[in-house]
Structures are given as C-alpha cells and as structure tokens.
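Peer 1: Per the working numbering, the sequence shown starts with residue 56, numbered consecutively.
It should be emphasised that the hints constitute simulated quantities derived from the structure, not laboratory data. Warning: the hint list may mix true and false statements.
Said to hold, decoys possible - No more than 27 angstroms apart at the CA atoms, straight line, and that leaves these computed lysine-lysine pairs for DSSO-like:
1. Lys268 x Lys369
2. Lys152 x Lys134
3. Lys158 x Lys287
4. Lys287 x Lys184
5. Lys363 x Lys287
6. Lys118 x Lys158
Fair warning: this is a prediction, and the values are worked out from it, not measured in the lab.
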Amino acid sequence: MSKDIEAGTQNALPFEKSSVSKAKKSKRCTGWVAPLCIIGCILVVVLLWWVISVILSSVEASKSLKMLQQCMNDTSLSKTTTSLIVPDDQCNGENFKLLDLSKLKNLATLVVGDRCFRYVQKVNIRNLKQLKTVTIGKESFTLNREWYGQNPDFQLVLKNCPSLTRLSIGDHSFLEYTTCDLAQLPSLEIVEMGDFNSSAESSSFYWASLSLKNLPRLKSLLLGNHAFLYAKEVVLEKLQELQSIQFGMNAMTFAEGSDTKLIMKELPQLTTIMAPQNSTSFMNPQSVYILNTPSVVNVSLPGAFQKKHSVTVKNIGALQSFFE
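Build the full structure now, drawing on both the sequences and the hints.
Peer 2: Encoded structure:
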C-alpha cells in the first residue's frame, strides 16, 4: 500500500512541476500587463489631447475668419483666396483677439494697412504653402503707441510658409508683443521691422526676444529704431546667406539687469553689422556666444557689449576687436 502511495506521489511530481512552471510563466506575463496598460493609457491621453487641440484650433480659425469677413464688410474669404488686403483702420473691434489665417490655404499676398487689429493678441500664420509676401503697416496690432507695456501672452507665429520671401512690418506695430516666432521659412530673404527715420521711435516688438535659425536664404535683417529694445535672448544661427544686419537707433539693446543672451553662430557670409552713431544696439547682453562669422569686415556698434559677463567667441572676423 505504501509503495502504491509512493509511486503515486512520484507520478504526480512531473504534473506539479509543470503547474509550477506554468504559474511562474503566468506571473512573468502578468508582470508586463501593468506597464503596458500604463503606456497604453498615456498614448490614448496624448492622442485625445492632440485630437482635441486640432479640433479647437480649427474652431478658433473658423471663428477668426468669420470675424475678419465681418470687419471687412463681409468680403468673401475662403481657401481659394489668393490676396488679402486690409485697409487702414480696420478690424479694431474689442472682441477680435485672434487673427488666424490658416484656413486661407491659397493665400499668396497679405497686406495689412495702418492702425489695424488693435485688440488682437495672437497672430497665427501657419502652413500657407503659397504665401510669398507679408506686409504690415504702422501701428497695427498695437492698442496704444504711447503705452510701452508688455504682455507675455501676445505673440506672432509665422511658421511653415515655404514660399515666403519677404516680411515687412511698419513702425510701432506689435509694440506689446513678447513673442516673435519665425520658423520653417526656407525661402525667406528679407526681414524688415520698423522705421529707420532718425526722428521716429519705431518700437516694433519692444519687449520681444528673437530667434532666427535655419533660414537658408535670408540675406538681409533690418530692425528699425528701438525694435526689440528690451530683448532677453537673440539667436541668429545657421543663416548661410545672411550678408547684412542693419539696426536703427538703439534697436536690440537688450534688457538690463537680467540674464540676457546673444547667440550668433554659423553666419559664413555675414559681412556688415551697422548701427547709427550713439546707438546702444547690443549693449546689454550678459552672455555672448559668437562662433564662425569669419567674413565680418564692416562693423559700427558704438555702444556694444558694455555689460558682458560671459564671453565665448571664435573665428568672428572684425567683431574680435570688441573682445580684446
């Protein structure tokens, strides 16, 4: 009898081992379930967030387009529109906060007159494949040219317009804006912001920082009097065809008493940087990082680099004289 029990026990051992092995495998498999569930939930949340943001953006763009039509006396605007010209003193309703042109897919020319869009806080010009020129007059997107306040939520976004060749902005436009976001503009050749008249304070983007990177055809940068006066950071990087930078009086002086930074890198064809006599352009950046601007030969920056604390420079042509 005991032998039979012993034999039965021995015969049961393989089954028990198999059960234990399966249990271990099951436990290992179960161990992967929680992380996979978490990852799946994260992906679902991200996807939902993206879908919701796209829907909201589309709704906002449609609302903006409708308001634009109304303030221009019900001018017909659609995806077939190729030219948009806004006359002087238009679209100044207090409820007009967002100008979004992303629905005008075939827009090639944008012209905004003087003193337009006074209450607009955000300008969104994106993904317009046919857009070639943007011209904005004076005192547009500015509530009061006599008030030099700033608002961190006011922004100009101009992105992914592959045919754009020229951006021109008049004096005192975008005065309160703190963001000027220009990106994915491979055909852009000229950027002009503000007035160079010696008697005028242009003051475009008075408080804004500026980043211009990877614009392969940009040849000329012109910033009028007091444009970007209190910038905290300026980045000019990988502008392979940039030849000249011209400042009006005190343009891009940089904010004082803060962590300010100037970065200029990979500007192989830059030959000229000019500012008027007694100008404070480039006076206040505390961190200065300039690399590979070997062709610079003409420099007039009377008050530049007086507040520099940290300096990294190499192969910078005539700019070297400021750091000796």
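Peer 1: The structure should be examined with respect to each hint, and the outcome stated for every one.
Peer 2: Checked hints:
Under the criterion of a C-alpha separation no larger than 27 angstroms, the hint pairing Lys268 with Lys369 is consistent with the structure, at around 19 angstroms. With a C-alpha separation of about 22 angstroms, the suggested pairing of Lys152 with Lys134 holds against the 27 angstroms cut-off. Restraint check: the Cα-Cα separation between Lys158 and Lys287 comes to about 33 angstroms, which exceeds 27 angstroms; the hinted pair is violated. At most 27 angstroms may separate the alpha-carbon atoms for a hinted pair to count; Lys287 and Lys184 exceed this at roughly 32 angstroms.
A distance of roughly 13 angstroms separates the Cα atoms of Lys363 and Lys287; the hinted pair therefore holds under the 27 angstroms criterion. Taken as a hint, the Lys118 and Lys158 pair is honoured in the structure, with Cα atoms around 11 angstroms apart against an allowance of 27 angstroms.
Hints 3, 4 from the earlier list are contradicted by this structure; the remaining hints agree with it.
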